[in-house]
Amino acid sequence: MTAAPSAHATRPRMGAGPKVAVVYLAIVALAAIFAGVLSPRDPLAINPSNILASPGVRNLLGTDELGRDLLARIIYGARVSLEVAVSAVVLACAIGIPLGIGVAFCGRRVEAFAMRIIDVFVSLPEIFVAIVILAFAGGGLTTLIVTIGLLFFPHFARVAYGMTRSIRAREHVLSAISLGAGTTWIVRKEILPNMVSVIAVQASFTLSFAMLMEAGLSFLGLGVPPPTPSWGQMIGGLKNYIFINAWPVVVPSIVLFATILSVNVLGDWLQDSLNPELQR
Amino acid sequence: MLAYLGHRLVAAALTLTLAFAVVFAAIHLLPGDPVTMLLGEQAGADPEVVQKMRVRLGLDRPLIEQFASSLTGIATGDLGKSLRTGEPVFTDVIVRLPRSLELIAGGLSIAVLLGIPLGIAAAKGRGRFSGTAASVIAIAGFSAPVFVSGVILVIVFSLWLNLLPSSGFVEFADDPLMHLACLVLPATAIGINFMGVVARMTRASLADTMTKEYVRLARAKGLSRQAAVLYHALPNALVPVITIIGIRAGSLLGGTVIVEALFDWPGLSSMLVSAVFARDYPVIQGSLVAIFAVFVLIGLAIDICQGLVDPRTRETAA
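Protein chains in written order, with this note's numbering: chain A, 1 to 280; chain B, 1 to 318.
Hints are supplied without guarantee of correctness; some may be wrong.
Unchecked claim - Distance ranges between label pairs, derived from CB positions:
| # | chain 1 | residue 1 | chain 2 | residue 2 | range |
| --- | --- | --- | --- | --- | --- |
| 1 | A | Ala45 | B | Val239 | 56 to 62 Å |
| 2 | A | Pro48 | B | Leu161 | 30 to 36 Å |
| 3 | A | Leu38 | B | Gly168 | 37 to 43 Å |
What the hints assert, rightly or not - A few chain A residues that face chain B, going by a derived Cβ cut-off under 10 Å, partial list only:
| # | residue |
| --- | --- |
| 4 | Met115 |
| 5 | Ile117 |
| 6 | Arg158 |
| 7 | Phe257 |
| 8 | Thr259 |
| 9 | Ser262 |
Keep in mind the hints are simulated off the structure, nothing from the lab.
From a predicted model like this one, the values you see are computed outputs, not experimental measurements.
We treat Cβ as the ideally placed atom computed from N, Cα and C, and that holds for glycine.
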């Protein structure tokens with residue numbers, strides 16, 4: 001053990017894993033954007049004579065309990081999954097980052113108080129809060145985005161707060177302040193640029209949490225209302241027919257799993273290449 | 001220690017109150033009105049019926065008064081009555097709580113028993129096939145949604161191998177073996193995800209510890225690599241892992257929502273979900289309070305254990 005393997009000695013290049021992940025996510029994103037062109041069939045067209053079919057020539061990935069084409073539903077489901085997750089992360093950033101930076105500039109009393117409240121919100125189990133909100137506000141794309149965004153903004157506030165405090169204490173920033181640099185200038189020139197990499201990593205992990213959350217809520221029947229297809233909702237519906245034919249439920253399960261895995265693999269890679277000094 | 005204990009208790013009570021306030025706000029301030037939801041479209045359209053129902057349920061009182069009375073109710077163990085069955089919510093909570101805790105305990109055991117060896121393999125095998133394979137299993141476990149691993153487990157162990165029941169619940173007193181057989185798949189489904197988390201933490205911590213001087217000294221005095229890692233690096237590497245397992249154990253509770261729905265496990269979370277669909281808002285409120293209480297109590301227990309073991313945490317937290 002002469003060359004002791006250090007946790008941060010190996011700085012990974014873009015290995016095979018992240019490359020595959022990028023390609024896979026690109027396909028999912030293209031499917032989501034061009035769903036109308038790519039989809040072989042209408043995702044809502046019911047065919048009672050061909051229900052719960054296994055993958056085959058007629059329907060490449062099989063059909064669901066109403067005979068709807070699974071490939072078409074998975075392509076349109078990609079739209080829901082990405083739209084909800086990406087919008088929720090953008091919303092969480094838009095609230096969390098300014099809040100975190102703002103709080104860090106407010107002085108000790110406000111800081112201690114605001115961070116305590118944020119800690120409580122971070123510690124609450126998100127899915128339960130989401131269930132209550134969706135139960136009373138009703139499912140749907142906008143409600144989902146707002147709920148998930150609100151649940152995850154404290155994470156960004158925490159990161160932004162921590163980064164702002166540490167960057168502001170750096171010597172060159174302190175000297176800039178003593179030379180008369182204003183708060184806006186400091187935030188724009190020093191804090192935001194230095195924060196980007198850490199926020200990017202946080203965003204990639206939050207993206208996978210948001211996808212999981214949307215899928216889980218839709219699985220329970222609280223997310224996107226039918227007939228709009230969503231992966232989680234498809235799994236929730238098809239799981240009841242496992243003993244008739246297990247194939248249809250396996251298909252969206254694998255697609256969802258591969259998507260979340262790819263986002264996490266990319267997140268790890270981002271973490272290792274952007275912030276090698278941080279441990280995960 | 002007493003001051004520390006008091007401080008943690010107050011913090012826990014505050015968290016619980018705040019959590020309840022969020023639930024209360026969601027129920028009473030969000031657009032969906034519990035009364036119209038309960039009565040349905042037709043009856044809910046008649047203002048007279050709605051008003052009567054409001055008075056009967058005590059929903060006509062000012063919000064702040066309702067909030068205060070629910071809060072005192074919770075403090076005395078009164079969670080109200082179900083609108084569907086008329087049974088006290090508290091009794092149902094007491095029956096279901098141990099079942100959810102059982103799932104969490106099962107999932108946690110599986111996660112720790114599989115996750116720590118996996119993390120060790122990943123750290124020891126860095127740069128080799130075994131290490132890569134262990135890391136891949138860890139990130140795959142961590143990325144698998146609970147319902148995906150649950151569905152796959154059912155297909156493999158119930159449908160193909162016909163070894164375990166695909167869903168359901170039997171009281172331990174009625175048939176202990178069957179009870180355990182029903183527990184295996186849902187507990188594993190919850191455990192797989194957390195196993196990934198535990199493995200990744202173990203790997204990171206052990207990889208870091210393996211570079212420390214005392215581990216190199218152990219090697220220098222002639223200990224094998226295996227022994228140096230197992231007896232010198234591992235015990236120290238596991239300290240932060242155990243802390244983080246404790247902190248995140250509460251997140252297993254979130255997994256029970258999906259698993260209880262998938263496996264028809266009659267625990268606290270399925271009580272909440274069925275109440276949500278039945279619009280039974282006292283049950284929604286009561287089961288959530290119980291869930292948050294479990295969550296806060298797990299956190300409190302961990303804080304206290306840490307305070308007992310490591311005096312430094314008492315100073316920083318107080």
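Exercise for review: Give me the numbers of the hints this structure contradicts, sorted from smallest to largest.
Suggested key: The structure breaks hints 4, 6; every other hint is satisfied.
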